[in-house]
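The lines below spell out each chain.
2 protein chains.
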Amino acid sequence: MTTTPWRIPKTKHGHKTFDHIIACGKKLFSSKGFQATSVNDIIAESGVAAGTFYIYFNDKLALYTYILNDYKKKIRDTIHQDTKHCLNRRDLEREGLKSFIRFAYQDNLAYNIIWESLFIDKSIFQDYYENFAQRYVEGLKKSHAQGEVRDVDFETLSWMLMGIANFVGLQVLFRVHVTEEELDRVADSVLDILEHGMFKRPIGS
Amino acid sequence: MTTTPWRIPKTKHGHKTFDHIIACGKKLFSSKGFQATSVNDIIAESGVAAGTFYIYFNDKLALYTYILNDYKKKIRDTIHQDTKHCLNRRDLEREGLKSFIRFAYQDNLAYNIIWESLFIDKSIFQDYYENFAQRYVEGLKKSHAQGEVRDVDFETLSWMLMGIANFVGLQVLFRVHVTEEELDRVADSVLDILEHGMFKRPIGS
Numbered sequence: 001m002t003t004t005p006w007r008i009p010k011t012k013h014g015h016k017t018f019d020h021i022i023a024c025g026k027k028l029f030s031s032k033g034f035q036a037t038s039v040n041d042i043i044a045e046s047g048v049a050a051g052t053f054y055i056y057f058n059d060k061l062a063l064y065t066y067i068l069n070d071y072k073k074k075i076r077d078t079i080h081q082d083t084k085h086c087l088n089r090r091d092l093e094r095e096g097l098k099s100f101i102r103f104a105y106q107d108n109l110a111y112n113i114i115w116e117s118l119f120i121d122k123s124i125f126q127d128y129y130e131n132f133a134q135r136y137v138e139g140l141k142k143s144h145a146q147g148e149v150r151d152v153d154f155e156t157l158s159w160m161l162m163g164i165a166n167f168v169g170l171q172v173l174f175r176v177h178v179t180e181e182e183l184d185r186v187a188d189s190v191l192d193i194l195e196h197g198m199f200k201r202p203i204g205s
Numbered sequence: 001m002t003t004t005p006w007r008i009p010k011t012k013h014g015h016k017t018f019d020h021i022i023a024c025g026k027k028l029f030s031s032k033g034f035q036a037t038s039v040n041d042i043i044a045e046s047g048v049a050a051g052t053f054y055i056y057f058n059d060k061l062a063l064y065t066y067i068l069n070d071y072k073k074k075i076r077d078t079i080h081q082d083t084k085h086c087l088n089r090r091d092l093e094r095e096g097l098k099s100f101i102r103f104a105y106q107d108n109l110a111y112n113i114i115w116e117s118l119f120i121d122k123s124i125f126q127d128y129y130e131n132f133a134q135r136y137v138e139g140l141k142k143s144h145a146q147g148e149v150r151d152v153d154f155e156t157l158s159w160m161l162m163g164i165a166n167f168v169g170l171q172v173l174f175r176v177h178v179t180e181e182e183l184d185r186v187a188d189s190v191l192d193i194l195e196h197g198m199f200k201r202p203i204g205s
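Chains as they are written, first to last, in this note's numbering: chain A, 1 to 205; chain B, 1 to 205.
Be a bit skeptical, because a hint or two may be false.
Copies of the same chain look alike in the list, so a pair counts if it fits in one copy or across any two.
Within a straight-line C-alpha distance of at most 30 Å, the following computed BS3-like cross-link-like pairs (lysine-lysine) qualify [to be verified]: (1) Lys142 <-> Lys10; (2) Lys142 <-> Lys26; (3) Lys200 <-> Lys84; (4) Lys73 <-> Lys32; (5) Lys10 <-> Lys200.
By construction, these hints were calculated from the structure, which means they are not laboratory data. Please read all numbers here as calculations on a predicted model, not as lab measurements.
So that you can see chain A by itself, here it is in the shape it has in the complex (with noise of 0.2 Å):
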């Protein structure tokens, strides 16, 4: 058994206070900043006894880390749910890219939470982004050996569709509205490149 940083509360009035402080260092964390912001400023920003923040987390990094995975877990469990129902591939990074961004959306710390990383530790970075990684790998071998992916190199080809998901992300967050028709209209632009490629008479092809 794997001992975390961190310890879940057992009962229900200890969720709400361990709730409420994963509240207030995430608003900290993302307009501070992880490093400007100290225990002492979560203590009092969260208005807990200094002693309540020792029982669920053993330092500020414990907390960070907590949020992190939660957030890990959230964007699965979300892309999970809104595709679950996708028969092909297509559909799959079409709805998919439409949750993430979704998701970054109505979570408007989603983005600036997950990059602190680098600043923390570049290895809590790497990991975030290599799991992600290994996992999208998996269910592209699958879906190539079910005759709807190209030979491809799979491991860069998870990385550039992770970067489209961010960066196109990012295009739709800076509009001040965002809809489900801009959200279709979007992904349907990608899936057309995706499908299609970017250039005109493809060499060899």
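Position chain B relative to chain A; hints supplied.
Chain B alone, transformed into the frame defined by chain A:
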């Protein structure tokens, strides 16, 4: 004439001091983070008199903005240099991708400094990428007019290509050694997908 919050030195000695302050700023911003770094930290790290810092920069944000603008210019110039021999869009994308990753490999603070803008002021981050995207769109439209690029959503394509460069860049930089052979291999993998798409038996093509 617009005034900038920084002042470029006129003497050789001034340039040396200016460059030294910038190097210390980069080091502190990327290790401690912008928010946790004070002007006094930068002055202490660089060993200049307090007054000297203010000869060149209005404040901490002015120094950061100078550094970010310098990266923007350097990245553009480097890619321009490395791609000016390219005769078509395929070569341009291929060599441009390699050039960007090589730059980030040689200057390992580049990602940190650029992405940090997301935390300092979202509008700086947005301007940085929207500016790159605009120039990308112009280039893609030109290549489309020349019959090289398909009639696609150029804005979305530009964000896709920036996302691919950034994330495939991360994939490569996470390795300990980056060789020219490795850059070639990854660039070939990316171009294969940009050329032929990711799917087998594309529908309707």
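Structure-based check of all given hints:
1. Lys142 <-> Lys10: neither (40 Å within a copy, 62 Å between copies)
2. Lys142 <-> Lys26: Neither: 36 Å inside a copy, 44 Å across copies.
3. Lys200 <-> Lys84: between (34 Å within a copy, 22 Å between copies)
4. Lys73 <-> Lys32: both (25 Å within a copy, 28 Å between copies)
5. Lys10 <-> Lys200: neither (60 Å within a copy, 50 Å between copies)
Hint check: violations occur at hints 1, 2, 5; the rest are consistent with the structure.
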